[in-house]
Amino acid sequence: MVLEVKKPRPMWEILFSTHHTDVGLLYVYLSLTAFIIGGALAIAIRTELFLPGDAINIIPDSNTFHRIFTVHGTNMLFLWLIPFASGIGNYLIPIMVRYKDMAWPKLNAVAFWMIPVGMALIWLGFADTTWNAYPPYSIIRAPGPAAEMWIFGLKILGISSILGAINFIVTILRMKHPDLPLMKTSLFVWSTLVTSLMIIVAIPTFAAALIMLYTDRLGVSGFFNPAMGGDPIAYQHLFWFTFHPEVYIFLIPAVGMMYELIPKFSRKPIFSYQSGVAAFVLLAIVGFASWAHHMYATGMSFTEKTVFMVGTLAAVPASAMHVFNWIATMWGGRIKFAAPMSFAVGGLVLFFYAGAGGIVNTAMPLDFLTHDSYWVVGHFHLFVMGLVTFAFIGFIYYMFPFITGRMYSERAAMVQFWLMFVGVSMIFLTQHVLGLYGQPRRVFDYVPVQPLIIMNQISTVGAWITAAGAAIFVWNLIKSTVSGKPAKMDDPFAIGEQYYDYTRREPHH
Amino acid sequence: MGHATIEWVYVGVVIAILVYVGADAWNIERLLEHAPEDAETIKVTGAQWVWTFEYEDGTREIGKLHLVKGQPYRFEITSVDVIHSFNIPDFAIMMDAVPGRINTIWLVPDQSGEYLIQCREYCGLSHYQMRGTLIVEEPSGEEGEANITSAAVEAPSKGATAVAS
Chain D
1 MVLEVKKPRP MWEILFSTHH TDVGLLYVYL SLTAFIIGGA LAIAIRTELF LPGDAINIIP
61 DSNTFHRIFT VHGTNMLFLW LIPFASGIGN YLIPIMVRYK DMAWPKLNAV AFWMIPVGMA
121 LIWLGFADTT WNAYPPYSII RAPGPAAEMW IFGLKILGIS SILGAINFIV TILRMKHPDL
181 PLMKTSLFVW STLVTSLMII VAIPTFAAAL IMLYTDRLGV SGFFNPAMGG DPIAYQHLFW
241 FTFHPEVYIF LIPAVGMMYE LIPKFSRKPI FSYQSGVAAF VLLAIVGFAS WAHHMYATGM
301 SFTEKTVFMV GTLAAVPASA MHVFNWIATM WGGRIKFAAP MSFAVGGLVL FFYAGAGGIV
361 NTAMPLDFLT HDSYWVVGHF HLFVMGLVTF AFIGFIYYMF PFITGRMYSE RAAMVQFWLM
421 FVGVSMIFLT QHVLGLYGQP RRVFDYVPVQ PLIIMNQIST VGAWITAAGA AIFVWNLIKS
481 TVSGKPAKMD DPFAIGEQYY DYTRREPHH
Chain H
1001 MGHATIEWVY VGVVIAILVY VGADAWNIER LLEHAPEDAE TIKVTGAQWV WTFEYEDGTR
1061 EIGKLHLVKG QPYRFEITSV DVIHSFNIPD FAIMMDAVPG RINTIWLVPD QSGEYLIQCR
1121 EYCGLSHYQM RGTLIVEEPS GEEGEANITS AAVEAPSKGA TAVAS
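These protein sequences, in sequence, are chains D and H. Okay, so the first sequence: first residue is 1 according to the working numbering, each after it adds one. Okay, so the second sequence: first residue is 1001 according to the working numbering, each after it adds one.
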């Protein structure tokens, strides 16, 4: 295995390293693995839904299908999006704040090594609770030990991200070079700081809910079990109090990466640094005021629905400010459409669609059309696969020469970009239509009527096209790491001045 | 900096759109909140994996719901095991069936015919097959039999589509 081509070192030295670039790269490798295997599950789901009925039988029964979408969702959110953002943060934050390492290197390594444990629990358990694990199903019906393994897996991943977040906050606020004021650090530093603060506020609530879920499963308590006087809706409040802010935790690091990519490849300074900082902080605060928009249909009163609709709409201007900032930065710039910039712009377009769809979701009467239908599936996948994953892939290509010393194949990367952009649009834009036709999410089969069949087929073909793009991606990374052209290290993309010395390494300690 | 004006204008436009969406949604939802006074109450119970309907006169039906066109109905929705969601896509009816709670929603069917009832919240093994049929009859009443059969003929194409219409 080639971890750093420039200076090959024995495997054990890298695995047991506490150096921030090594730990950062371990995060990146683990999350890329999760992205590929979780993506394979998604392809299985879409292929099964290509035709209604028993015509396609790659998933034998509905129980297996439910287990597959549960692990797909859990895996993608907690083993791809969060660890990848942590990985890039680990790699870049100490460089950007001019410190030799993270504040607590050993804690950093511990936080990383908890992730493979959580990953093993989730994949070996293969639970069928959905990633929401709503009680009473997850208490009284979900088969063990899969559900218990899911609970413990998420518990461990939650502790890992809290430890990582503490480390980031201390590194940024306390270990920053004294000559570097916070308002001069890059927007990626701000995105990591804001994300870490949100993690510390949001995660403990769900961590508590997980313990309650576990004791409920043991039968010693009945917090969420109506047969014992509990209330299943209470779980949904605790769950969404963590996981609505969590969607911004997925989103904000990707936004921070876009702020790195777009000015560099537009060869212009950011339109407004202050606006970017303000939008981050605003989103982090307002993001906590909208959790129950996931629960309009649980029987909420008109007043509650109104409050959470206002809270949700209030989060939109912050995201809109980011989009404005990016477009204004590109405006009049000498844009170089290398792979990182193409993915950033593609992500921007999909982000716009996702945001527009989100405004429809949040309007109370329309929510009852879209809620728990395929519309929602399309909507949030446009965020996590559209904006976030596109920004991540773009950032991988951007970091590639700095990490490996070699250049990736630009032509293969552009083919991958177009396959993925077309594929992702096909999958998720048609899923909005499927939702309006009334197809519920999380179904093993659907009513065999013509419009549903056609839309499902477009969506599935899109998934295959995206998979082809992902295959090229993996091939490009491996091939170029081994035998890519050596990169011109001072300016690999020929875009002029670099803001940070990415190749700088403090000695190992 | 020095070009903040454009951004303020832009943010103002975005906020104006959001205020419009929010106000309009509030206004419409306000009208949908309360069922008409004369609505007939129908108790809807979700169980893994069937819907049971109990009419005001005490009769029960499993998997089938008969309504009369133009009449108001109020559904009292609950569940006996896990969370389900009572959904009639063609009439944009959607409300969770939560054990230990009764949620209400109302409907005045304005078109006769046969429509799909389904479960929209994941509820286990046969979630995808937890379906029922809504049969909306013409108000003529006694000779309604003929209308049901004619409606049944056009049913398959109407099954899961007409939200847009």
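A hint or two may mislead.
What the simulated footprint calls covered on chain H by chain D, stretch by stretch (three residues with Cβ under 8 Å from a Cβ of chain D suffice, anywhere in the stretch; the number is not a length) [stated by the list, open to error]:
(1) 1005-1018
(2) 1052-1064
(3) 1080-1087
(4) 1119-1132
Calculated directly from the structure, the hints in this document are not laboratory data. Here a beta-carbon is modelled for each residue, glycine too, at the ideal position from N, C-alpha and C.
Each hint, compared with the structure:
no., hint, verdict
1, 1005-1018, "holds (count 8)"
2, 1052-1064, "violated (count 0)"
3, 1080-1087, "holds (count 5)"
4, 1119-1132, "holds (count 12)"
In this structure, only the earlier hint numbered 2 is contradicted, and the remaining ones agree with it.
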